[in-house]
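Visitor: In order, the protein sequence lines correspond to chains E and V. Here numbering that gives the first Met the number 0 is used: the first residue of the first sequence is 0, the next is one more, and so on. Here numbering that gives the first Met the number 0 is used: the first residue of the second sequence is 0, the next is one more, and so on.
A couple of the hints might just be wrong.
[Said to hold, decoys possible] Residues of chain E clear of chain V, computed beta-carbon distances all greater than 12 Å:
| # | residue |
| --- | --- |
| 1 | 18 |
| 2 | 43 |
| 3 | 54 |
| 4 | 66 |
| 5 | 135 |
| 6 | 168 |
| 7 | 180 |
| 8 | 235 |
| 9 | 238 |
| 10 | 286 |
[Unchecked claim] Below, simulated PhoX-like cross-link-like pairs (lysine-lysine); rule was C-alpha separation at most 20 Å, straight line:
| # | chain 1 | residue 1 | chain 2 | residue 2 |
| --- | --- | --- | --- | --- |
| 11 | V | 399 | V | 437 |
| 12 | V | 98 | E | 320 |
| 13 | V | 12 | E | 320 |
| 14 | V | 286 | V | 126 |
| 15 | V | 286 | V | 61 |
| 16 | V | 286 | V | 189 |
[Claimed, not checked] Quick partial rundown of chain E residues pointing at chain V, CB under 7 Å, derived from the structure:
| # | residue |
| --- | --- |
| 17 | 7 |
| 18 | 9 |
| 19 | 11 |
| 20 | 15 |
| 21 | 322 |
It should be emphasised that the hints constitute simulated quantities derived from the structure, not laboratory data. Cβ coordinates follow ideal geometry from the N, Cα and C atoms, glycine included.
The chain contents come next:
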Amino acid sequence: MSTALLTVSPSPHIHTELTVPQIMRGVIIAMVPALLFSIYNFGLGAVYVTVLAIVFCVGIEYLIAKYLLNRAATIYDGSAVITGILLAFNVPSNLPWYIILVGSAVAVGIGKMSFGGLGNNPFNPALVGRVFLLLSFPVQMTSWPTQGATFSLDAVTGATPLGILKDGLRNGEPVDSLMTQMPSYSDFFFGLQGGSLGEMSAFALLIGLVYMLYRKIITWHAPVSMIATVFVMTGIFWLIDPTKYASPFFHVLTGGVMLGAVFMATDYVTSPFTHRGMLIFGFGIGVLTVLIRLFGSYPEGVSFAILIMNAFVPMINRFAKETRYGSKASDRLERSDASTRK
Amino acid sequence: MKTPLHHKLKTFKIGGVHPDDNKISASAPITPLALPKMVIIPIAQHIGAPAKIVVQRGDNVKVGQVIAVHEGFVSANIHSSVSGRVGVIEEVMDSTGFKHTAISIRVKGDDWEQSIDRGDVLVEQIKLTPKEIVACIMEMGVVGMGGAAFPSHVKLSVPEGKQVDHLLINGVECEPYLTSDHRLMLEKPKEIIVGIKILMKALGVDTSIIGIEDNKHDAIELFQELLKNETGITVESLEVHYPQGGEKQLIQALLNREVPSGGLPADVGVIVHNVGTTFAVYEAVQKSKPLVERVVTVTGKEVKQPSNFLVRIGTSVIDLLIAAGGVPERTGKIVSGGPMMGKAIADLDVPVAKGTSGILLIPEEESKRAEVYNCVHCGKCIEACPMGLEPYRLLLMSKKGNNQRAKEEHILDCIECGSCSFVCPSNRPILDYIRLGKTQLRKPKKP
C-alpha cells in the first residue's frame, strides 16, 4: 500500500450522520402526515397547490443561484422544498396558480436568496411569502373551501373558526352561541375545520413533531413554550370573561398555532441558538399571537407573531447564552478577591 | 450487566456528545509486541522543553539507560527502550506531523539495566518519602499517558499556597475505539491501586476517586471488589459521555467543581492522573522501571485482528500494523490516538511515543470530509460544547482575524475536543478555525 494515498486532516475524524440534507429530508418526512391529511380533506386541490409551490420554490432558487448569483445550484440541500411545502401549508387549497407563483417568488427570492441563501435569511421565507400574499390578495387568501360536513370538492367557501369568532364578537354575539356554529374540540384536534392547507389537524402536526423530536432534529423548547404561552394567556382571559373570550383549548387547536409551533418556530435559521433563547422566542410568539387574536383586527396572528419575533432573534442570541464552564468558579474567585481587598 | 435505571450515573453538566463507542478491541488481551529491528526515539515526546541528548552515534545502550536528560523543570528524561547501538540522530516526522530530533537505535539482544526489577511480583510497600517519589517519577521520565504527555512530576509539585484534597484517577477512556486503558485496568488493577497510593502519598491527600465510564462494567466491578477493604479510594461509574476524559469535565462529573478560566485543577483542590500514568508511576517507583514501553490499541472497523499491544517506545507504526494483520485494502486514513482528538499521520514510519494511546485505521469512505454547507444556525455546536462556548461565532471571528474579540469570547478556554465539528450538520470546519485563532493569540506579538 502506498502511503501517498493517506488522507491527512485535523481532528475530529468522525462525524455525526445528521447532516443538512438529512435534516431537511427528516423535516419533509415530518410534514407528510399533515400533507396526507390535507389531501384527505381537500383532495386534488391540496395536491395541486403543494406541487406547484414546491416546483416554483425550487425552480426560482435554481434560476436565482445559477443566473443571478452565478453560483452552483443550492437546491439539493432540500431547503427550497421545505419552503414550498410550508408556503402551501399556509394558503387555502383553492388558490390560483399565479398567486402561488407570486408567493413562491417573494418567499424564495426576497425572503431567502436576497440575503444570501440558506442560513442567512433573518425571516422565515415561507411566512414572508404568505404575509405578502395575505396583504396583496386578501380576498383569495381568506376564502377557505369548507369541509367537515361534506367531504366533496365543491367550490363552496366559508370562514375559519377564528374568523367566525372574530366577526361574531364584533357583532356583539357571546362566545357560547358562536361555539354552537363550530365543530367540536375533537374535530378541531383531528382537523375537521376550515383553514389553510396544513394547519387544520393538530393530530397530524403532532405526529410530525414527535418524529422530529425522536430524530433529534429539533428540541421541545420553542414549540412547547409557544403553545403553553398561548394556552395560559388565553386561559387567563377566558377565566376573566368567558362570554367575551374563547377557551384556551379553542385557541390552541385552531388557526396556525400548531403549524407555527411545530414547523416555523423550530426553523433553525430564524430561531435562537440556545434552549434558553428558544423558550423566550416561543413565549414571545405566544404573547404576540394572543394579542393579535384578541385585540387586533386580524382574526389570526401566528404569521405576524413569528415574523416579529424573527427580528428579535439576534437580540435574544446576545442575552440568552449557555452557562460557560468555569463561570461560577471565576465569579467566586472575583468575589473572594473583592472581599479580601476590603 | 446493566446498571438499574433508577440509578442516575454521574456525568459532566455542560454539553458533550455521544459518538458510537466502537470498542472492538476491548476483548483483546495485552500482548507484548515482538522486538523491532530498530527504534526511533524522539526527544520531544512531552509538553515542555525537549530533552538534551547525552549519547552519540555508535554508543552501546541498555534498556532503561538515559539517552536524553530533561532541560529545565517542565521536561522529561528519555530512556532507551531497547538495547543496541545508537545510529543516526536526525530530525524525523513524528505523530504530530512536525519534524523533531530523534535518536535511532539498532536493536541487539534485550539487555536491561541491572537496577530494573522485571519480575511480576506485586510490591505493595511504599518506602520512598513524598519528595523522593516526585524525584523518582521525574528521573524515570513518566509523563501523562492519556495523550497530552504532560510531565507527571510537574503535576505532583503543587504550587505554594494551593490545597489539594482530591486525587482523581482518569479511567474514563471516552475516545471511541481506544481500549488500552480498559485492558490495563483489567489486567493490572492491583498495580494501579498501588500506583494510586503512591500518588496519594506524594500529594498528601486522603481521598482518591477512580472515574470509569459505564461501558467498562468489568473494570468497574473488578475495582469495586479490590477496593472493598480500602479506605480513601473509591470507584465511580460514569455515564458514557464524550469528552468526559477531559480533566475539567472529569472534575465537574465527579466533584461538581469547575476549574476557573485559565486556571489549573489544583486551583479547585484537585489533581487528575490517567490510569496508564498511574501504572507507569507504580513501575517507576516500585520497580525502578523507566517509561520505556506502553499499551497501544491498534483498531479500526476493517482491521483483521484489533489488538492491544505492549510496545517499546520508538517502534514504528508499521510494525504494529503488521502485527494486527496488515493494513486493510480500503484504508483511507491512519490516526495516532482516538477519532475525536487523534492526529492523522502521513507516514507509517512514525514512531510510537509516550503519549500514543492507539492507532486507528479509518476506511476510505469515512476518511474524507463531506460537503460544507452554510451555517443553518441550528445551535448544535453550542449545545455540544463542554466549555459552554459559542463555537460558530469563534469560527467567524477567527476567519476574519478578529482574534481579540475571540479572546473576549473565551476562545482560549476551548479544549479542542472536537464536539462542535462532530455535530455540525453543515460539516463546517469549526475546530480548525478555532485552533487557528488560538495559535494566532499565542504567537508572540511582533515588536
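Visitor: Provide an ascending list of the numbers of those earlier hints which the structure does not satisfy.
Guide: Hint check: 1 and 12 fail, others pass.
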